[in-house]
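J.: The primary structure of each chain is shown beneath.
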Amino acid sequence: AQSVTQPDIHITVSEGASLELRCNYSYGATPYLFWYVQSPGQGLQLLLKYFSGDTLVQGIKGFEAEFKRSQSSFNLRKPSVHWSDAAEYFCAVGGGRDFNKFYFGSGTKLNVKP
Amino acid sequence: DAGITQSPRHKVTETGTPVTLRCHQTENHRYMYWYRQDPGHGLRLIHYSYGVKDTDKGEVSDGYSVSRSKTEDFLLTLESATSSQTSVYFCAIKDRGQETQYFGPGTRLLVL
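Going line by line, the protein sequences match chains A and B.
Residue numbers for the first sequence follow my numbering, beginning at 1 and rising by one.
Residue numbers for the second sequence follow my numbering, beginning at 115 and rising by one.
Simulated from the structure, these hints should not be mistaken for laboratory data.
We put the beta carbon where it would ideally sit given N, CA and C, even for glycine.
It is possible that some hints are incorrect.
Rough simulated footprint, nothing fancy, chain B against chain A, three-plus residues with beta-carbon under 8 angstroms [as the list claims (entries may be wrong)]: (1) 34-43; (2) 46-57; (3) 104-110.
Sequences and hints are given; from them, build the entire structure.
T.: Here you go:
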């Protein structure tokens with residue numbers, strides 16, 4: 001069965017510190033992988049996506065993510081967090097035979113300390 | 115901006131009443147989706163559409179129906195609302211060329 005796991009429900013980092021949000025997936029085909037960000041009371045905004053090719057992908061707002069097939073992971077990183085990055089982050093998987101459907105993780109809430 | 119609007123943006127209703135939420139898009143996308151978002155569950159797919167009059171169920175479709183009579187509108191109906199359907203509902207479109215979903219602003223529904 002297709003599923004996405006985000007093991008960390010809440011993460012707190014200091015402004016300027018590095019960030020890594022974890023995402024693991026279970027998928028029966030070559031996955032398309034996505035990270036979205038949601039600010040409070042807002043919709044979801046696409047940060048980045050991976051379909052194929054280079055396993056390190058760059059996104060908006062200085063975020064990057066690395067696809068590791070052997071670990072079924074697609075972790076999101078940022079070298080230096082800004083206070084405006086405080087939000088909830090969702091990992092999603094789609095593609096393959098079920099290509100019309102996406103599956104989302106339960107989200108990770110990021111808090112940034114001044 | 116994927117040209118997606120949702121209406122209403124907020125709604126309070128009573129148990130047992132019917133409710134219809136509307137998703138409208140302006141860019142002629144073929145695929146449209148309805149999700150609900152609840153704390154601890156992320157987004158869960160309710161129904162989706164792959165064309166006019168073509169719809170399919172998602173993982174949490176019980177108690178919901180959908181209709182798509184024209185490309186730009188995708189309606190979600192709660193036939194008889196229950197308190198368990200209190201949630202935030204998001205509409206999304208899939209850009210076929212990019213195989214990526216883009217989301218509307220959401221509708222907050224409270225069922226008393």
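J.: List, from low to high, the hint numbers that the structure doesn't satisfy.
T.: Nothing - there is no hint that the structure violates, so all of them hold.
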